[in-house]
Amino acid sequence: MINSNFKVDRNDGKLAMAHFYVAFAALLLGGTAGLLQTLVRSGKFTLPAGIGYYQLLTVHGVLLGLVLTTFFIIGFLFASLSKTAGTLSSKIRLTGWIGFLTMTIGTASTATTILLGEASVLYTFYAPLQAHPFFYIGLALVVVGSWISGFAMFTHFGKWKKANPGQVTPLLSYMAIMTMILWLVATLGVAASVLIQFIPWSFGWVETIDVLISRTLFWYFGHPLVYFWLLPAYMAWYVVIPKVIGGKIFSDALARLSFILFLLFSIPVGFHHQLTEPGIDPNWKYLQVVLTFMVVIPSLMTAFSLFASFESYGRSKGATGLFGWFRKLPWGDARFFAPFIGMLFFIPAGAGGIINASHQMNQVIHNTIWVTGHFHLTVATTVLLTFFGIAYWLIPHLTGRVMTKAMNKLAIVQTIVWTIGMTFMSTSMHFAGLLGAPRRSAFSTYGDSAQAMDWIPYQIAQAIGGSILFIGIILVLVIFINLAFFAPKGETEFPVGEVAKEAEKTPMLLENWKLWVGVLAVLILIAYTIPFVDMIQNAPPGAKPFKHLL
Amino acid sequence: MHLHKFEKIWLTFGIGILFVFLAVVGVGAFAMGHQPASSIKTIDPEKVAETAPFDNPGLVHIEGNKYELNLVAEAFAYTPSTIQIPKGAEVTINVATKDVVHGFSIAGTNVNMMVEPGYVSTYTQTFSKTGEFLVLCNEYCGAGHHLMMAKVEVTE
Chain R
82 MINSNFKVDR
92 NDGKLAMAHF
102 YVAFAALLLG
112 GTAGLLQTLV
122 RSGKFTLPAG
132 IGYYQLLTVH
142 GVLLGLVLTT
152 FFIIGFLFAS
162 LSKTAGTLSS
172 KIRLTGWIGF
182 LTMTIGTAST
192 ATTILLGEAS
202 VLYTFYAPLQ
212 AHPFFYIGLA
222 LVVVGSWISG
232 FAMFTHFGKW
242 KKANPGQVTP
252 LLSYMAIMTM
262 ILWLVATLGV
272 AASVLIQFIP
282 WSFGWVETID
292 VLISRTLFWY
302 FGHPLVYFWL
312 LPAYMAWYVV
322 IPKVIGGKIF
332 SDALARLSFI
342 LFLLFSIPVG
352 FHHQLTEPGI
362 DPNWKYLQVV
372 LTFMVVIPSL
382 MTAFSLFASF
392 ESYGRSKGAT
402 GLFGWFRKLP
412 WGDARFFAPF
422 IGMLFFIPAG
432 AGGIINASHQ
442 MNQVIHNTIW
452 VTGHFHLTVA
462 TTVLLTFFGI
472 AYWLIPHLTG
482 RVMTKAMNKL
492 AIVQTIVWTI
502 GMTFMSTSMH
512 FAGLLGAPRR
522 SAFSTYGDSA
532 QAMDWIPYQI
542 AQAIGGSILF
552 IGIILVLVIF
562 INLAFFAPKG
572 ETEFPVGEVA
582 KEAEKTPMLL
592 ENWKLWVGVL
602 AVLILIAYTI
612 PFVDMIQNAP
622 PGAKPFKHLL
Chain X
2 MHLHKFEKIW
12 LTFGIGILFV
22 FLAVVGVGAF
32 AMGHQPASSI
42 KTIDPEKVAE
52 TAPFDNPGLV
62 HIEGNKYELN
72 LVAEAFAYTP
82 STIQIPKGAE
92 VTINVATKDV
102 VHGFSIAGTN
112 VNMMVEPGYV
122 STYTQTFSKT
132 GEFLVLCNEY
142 CGAGHHLMMA
152 KVEVTE
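As given, the protein sequences belong to chains R and X, one line each in that order.
My numbering numbers the first residue of the first sequence as 82 and each following residue consecutively.
My numbering numbers the first residue of the second sequence as 2 and each following residue consecutively.
No lab work stands behind these hints: they were computed from the structure.
This structure is a prediction, so every number in the text was calculated from the model and none was measured.
In silico lysine to aspartate or glutamate, EDC-like type, Cα no more than 16 Å apart, as pairs:
| no. | chain 1 | residue 1 | chain 2 | residue 2 |
| --- | --- | --- | --- | --- |
| 1 | X | 152 | X | 133 |
| 2 | X | 99 | X | 75 |
| 3 | X | 6 | R | 585 |
| 4 | R | 625 | X | 47 |
| 5 | R | 628 | X | 75 |
| 6 | R | 329 | R | 585 |
| 7 | X | 48 | X | 75 |
| 8 | X | 42 | R | 615 |
Let the hints inform the model, and build the full structure from the sequences given.
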């Protein structure tokens, strides 16, 4: 790592921080919407001032699923590249700012249409419900802005490679680029749908829209979207956490291989979100189910690698017995504790995911609140607690401050509050879902149906969990504001782990980007070409817009 | 690339289980016919009310214990809204929508399928327990989405 910086350059730090301000503002607003939703569904609370439940739900999904995640990730990736592949050139940094501004303008445009009540279509915006054109234009700008930043990152990484011919690239930069390639390939689907289908249709330039094509393009994007959230968390798990605990990275080569496998098997799999849909042959659904499950392999590799790092560290500190090393881990350090709890939550989350993606079991839980419970474990706990864990060292690193002991303690409390709140909320969502309670629905007794009455106690438990989680949001915002503006001045380390001595040399094959992107393209073509052509050839008459239903 | 001995054991075991699992799912799908609702039948979304069988929705007796149930979905109701089914009936359910996407689900059963404009969604279910079952819409369809429902009464 020839030009790895001790510190992220001040100006690069400002670019990253700009992303974090938007991300944490989105957390506050989106989290408030989430709290209100759980209160409405308890049946004990009605929304004031003409606010619609589905308007809030759209705010919640767009701000937390798209804005918080994308802004945080791009900020983190810029910081990681600046740290491990050298300070950004002024041109690349400027490109990053243009990307940031484009995304922010897009967010403002989309948010305005939602607040005006013209876009209560939820973050999946399924046609033929139709939002205001500026809802779609705003989303397109967010995606285009992220592409601009992505190209800035690719250029920066290319420069490093040119300056260091034949060298193995820095692991953290490699992972950042892999994450952006995944994002670029995935967003092609949703961008095509928004630009070619939704925008002309919402302006009335074309009369109808092909619903199934739009949904297929959305889910071509929608599943890799979750891996776009997860891979930056894996960056922290593979590279940062070993350094935080004082250990080593188990294997550089296996870390890279697992990222390649995530790239390959997160995209040609969107049909597992469409298993109960008409118009798609079940044999193609099954093929994509099989491809979906291939991510089990890199997931098992990741679990092995992390726990190998933990155990080696514990044993190096003199731990004995089968699990003695467990006690040697730095439980009092929020930079470790928050992501570690995130890892633990990923075990039930992964098990639930296996059910969701199963060809037949899916129909037991499809569109029930079980699914909501599932992704509040994955993205809203595993990923989010890891992002908080990153913020606890990255924000003070960038702002030239240090996290005080009191703030560290508050961060530990935050993690515990989150664990309790999410256990209440997600568990009751899973159970209610198994009984058939729908997701994305306002409070309803369905004409006092006996079945719907059985769901209400679970909905009250969700409101309790949601309220506890909202306290967690307030706590993390207090910590964020402290670290950004008030914490004492000083130097905070950007922890980048070193590879264990006994690990093998990294084969250059893993750096062959053209090869892996080529394999990915082939997999996508195999999984999608025939069913997609079928959809076009056998398409029913298109659907006219429905605006008055919102 | 070198793998640690324990990692080899871990991955061999894990990947082995994965393929057993996929084989079970595959046998269920192809040998036992447990496929998710995947009808490829299309319909003009603006002419649902004029197209048979949706011009006269409801339960139709085919033969023996075989029935066909045709339902129209629209924001925010199903037609018909109450359906009586004799216990033990094997019912092929066809649903078509006149407007936006809906999610047809009968709580407490495995009936759960997307209903999309332009397509007829189909699933066959045997009703072997008596009682009242809630039919609801589980895909967001607009401001009154949570009010969209029907009832299935399975009787002796």
